[in-house]
Amino acid sequence: MPRLVDVIVKLRTVWATLLALALGGILILASGADPLAAYGALFHGAFFDYWGLSSTLVKASPILLAALAVIVPLRAGLYNIGGEGQIYIGGLFATLAGLSLPPLHPVPGIALVVLAAMAGGALWAAVAGLLKAFRGINEVIVTLLMNFIAIHIVSYAVSGPLLAEGAPYPYSEELPAWLRLPILMPQSDAHAGILFGLAFSVFIAFYFTRTSHGLALDIIGRNPKAAQYAGLSVRRDMVIAMMAGGALAGLAGGLEVIGLKYRLFHLFSPGYGFDGIVVAFMAEANPLLAPVAAFFLSGLKAGSNIMQRAAGVDGTIVEAIRGLVVMFVAAGLAWKFHGSSVYAFLQARRKAANHPIGAADP
Amino acid sequence: MLAAFLAASVRLAVPIAFAALGGVIAERSGVYNVGLEGMMLSGAFGAAVGAYATGSPIGGLFVGVISGMLAGFILAILAVSFRVNQLVAGIAVNLVCAGLTAFLARAVFGLSGAHMSVPGFGPVNLPGLSGLPVVGPAFFIQDPLVYLLVVLMLGVTFVLFRTQAGLNLRATGENPRAADSAGVGVFHVRYLALMVSGGFAALGGCHLVLSQVYVFTEQMSAGKGFIALAAIILGRWHPVWAVAAALFFGVCDAAQLRLQFSIPDIPYQIFQILPFAAAIVALVWIVGSVNQPEAAGKPYEREER
Chain A
781 MPRLVDVIVK LRTVWATLLA LALGGILILA SGADPLAAYG ALFHGAFFDY
831 WGLSSTLVKA SPILLAALAV IVPLRAGLYN IGGEGQIYIG GLFATLAGLS
881 LPPLHPVPGI ALVVLAAMAG GALWAAVAGL LKAFRGINEV IVTLLMNFIA
931 IHIVSYAVSG PLLAEGAPYP YSEELPAWLR LPILMPQSDA HAGILFGLAF
981 SVFIAFYFTR TSHGLALDII GRNPKAAQYA GLSVRRDMVI AMMAGGALAG
1031 LAGGLEVIGL KYRLFHLFSP GYGFDGIVVA FMAEANPLLA PVAAFFLSGL
1081 KAGSNIMQRA AGVDGTIVEA IRGLVVMFVA AGLAWKFHGS SVYAFLQARR
1131 KAANHPIGAA DP
Chain B
643 MLAAFLAASV RLAVPIAFAA LGGVIAERSG VYNVGLEGMM LSGAFGAAVG
693 AYATGSPIGG LFVGVISGML AGFILAILAV SFRVNQLVAG IAVNLVCAGL
743 TAFLARAVFG LSGAHMSVPG FGPVNLPGLS GLPVVGPAFF IQDPLVYLLV
793 VLMLGVTFVL FRTQAGLNLR ATGENPRAAD SAGVGVFHVR YLALMVSGGF
843 AALGGCHLVL SQVYVFTEQM SAGKGFIALA AIILGRWHPV WAVAAALFFG
893 VCDAAQLRLQ FSIPDIPYQI FQILPFAAAI VALVWIVGSV NQPEAAGKPY
943 EREER
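Heads up: the protein sequence lines correspond to chains A and B, in order. In terms of my numbering, the first sequence opens at residue 781 and continues consecutively. In terms of my numbering, the second sequence opens at residue 643 and continues consecutively.
Calculated from the structure, these hints are not laboratory results. Among these hints, one or two may not hold up.
[To be verified] What the simulated footprint calls covered on chain A by chain B, stretch by stretch (three residues with Cβ under 8 Å from a Cβ of chain B suffice, anywhere in the stretch; the number is not a length):
#, stretch
1, 910-920
2, 935-945
[Stated by the list, open to error] Partial list, derived from the structure: chain A residues whose beta carbon lies under 8 Å from chain B:
#, residue
3, LEU791
4, THR793
5, ASP814
6, ARG1102
7, ALA1110
Note that beta-carbon positions come from the ideal geometry of N, C-alpha and C, so glycine has one too.
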């Protein structure tokens, strides 16, 4: 029989999120508005309104994939903070593929574009993975720095070689119409990209629990030294995990191009890569919980515009709440509860991060 | 021409150098400070609010440093007391600072006043030295924060390597258990180190607002705190070398600005990559030949074993 204490401990991510919302409420109060009215407008607009819900789904597509891009390397003990950059490179590769494809049936066409996006993200992430595995360079610093490089590369591409003719603003030519993803909610922008994220959530959960390679990655994440003694190719799998993460974030960027914008814009991702980190933590690195957390955070972001109009509270409050959520969730997960499996899991993660393979860290 | 280029390099290097100094202090005490970026941002915001409210850049400096120390305190609560993974704790601090400063800036300055100018520091001639050819205009006609950086760099070096407090700090970062047995309060040292670290990073943010652009804009730290992380490693956890590494990144930044104007045919974004690429190349080049503080990255648990 589950004890009440265990249930409360299991739900601590929920408590942490509520605490962040409560602190956000104090900020709203301090800015001179009614927090209950503001949150009411936010959640109604995000989840109980046709257009709001479609807007939530539009944001959930990249955010869910960006979260999976954090979760997969995290299971192998690596921190992928480069989702944002990988999204940009994925978008760039998708655009290059989409603009150069000959006329095809939409299914193979979209498949090729999706593969190009994933390849782009994977290659970009491979740099951090290789430097970590073979030179022992801290992947957090490398992925953080590479975000800026990727964003500038895309800005360069769309204001130089890919710039559409007569464009008043840096963006590329439009991709052919037959490459567009189907729309899920008629008249809205809600495209089928979210289905990719959901499919990958299930696939990744299956991979980590039901395949020997998934198990190997988990062991590497928990104890890389033991994994090495057990004969696992730790370095190779670190690179693979990082590339898989990059591929998922790259896919997120590619789907933004063929699902939503139909062109490559500069600065097209408003920090989805960082939202992915938030979601990965809210979901406690569980791929099956990631869709729930992604849906919630997307709703916060989609609803913030509606709240701004209805209650006069500036939408950037959601950015502050997002940071507070990570802070409280991280503190909650690290809080010592003996016998808690979640704690043991994160303890293992932390140990793994502290004992990198090979040369000096970072 | 050369003097102007060097002067620009110094100006662009100062925020990175302050943050790198703060990072050296934190990592010498055994805590990674990935939150430098957020602390710099909160310093910039505090500087703008302080200068706006008091009408004086000194007031801005005061509020800015306090804001950065507060961010350092939050990192200490997470990373030292709660033993959250230090990288995660730093990322959390960055996200909180980015979100809070964006929201508070609109609350304080209003949407229309987002570009409200605040009083700042002007250049100060160092008598005698500013008259020297090339190096005079490059290094000795700078704003007061540049001279403060030099003083603090020497001060940190002295404290770290020549005083009991510095020995305690380094012992905490190398072997916290031994330091604890010797009567050093590991938790106190790390809390203090992180708050000082936050104050230093905030000085970098103060320089952005009070000496460079005189306004606060969202995300104005623009990755300088992350470049500072590379400068710490490149400077081998030594204050003087970390500042030298920051100066190198400042030169890269000044070079990309100059290239933007001298080669307008190539879109300028390609040059903006330069400082970030230089940081990664520097990390690859130096790795293997550095020894970081032994206990950096490891939360300390007193009751362990």
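Hint validity - THR793 (chain A) Cβ closer than 8 Å to any chain B Cβ: violated (14 Å)
Whether chain B covers the stretch 935-945 of chain A (at least 3 residues having a Cβ closer than 8 Å to its Cβ atoms): holds (count 4)
Outcome, coverage of the stretch 910-920 of chain A by chain B - at least 3 residues whose beta-carbon is closer than 8 Å to one in that chain: holds (count 5)
Supplied contact hint for ALA1110 (chain A), tested at 8 Å Cβ to chain B: Result: holds, 5 Å to nearest chain B Cβ.
Proposed interface contact between LEU791 (chain A) and chain B, which counts if any beta carbon pair is under 8 Å: Result: violated, 18 Å to nearest chain B Cβ.
Hint check, ARG1102 (chain A) versus chain B [nearest Cβ-Cβ separation less than 8 Å]: Because about 6 Å separates ARG1102 (chain A) from the closest Cβ in chain B, which is inside the 8 Å limit, the hint holds.
Restraint satisfaction for ASP814 (chain A) [CB to CB of chain B, less than 8 Å]: This hint is violated: ASP814 (chain A) lies away from chain B, its Cβ roughly 15 Å from the closest one there, beyond 8 Å.
Checked against the numbered hints above, the structure violates hints 3, 4, 5; every other hint is satisfied.
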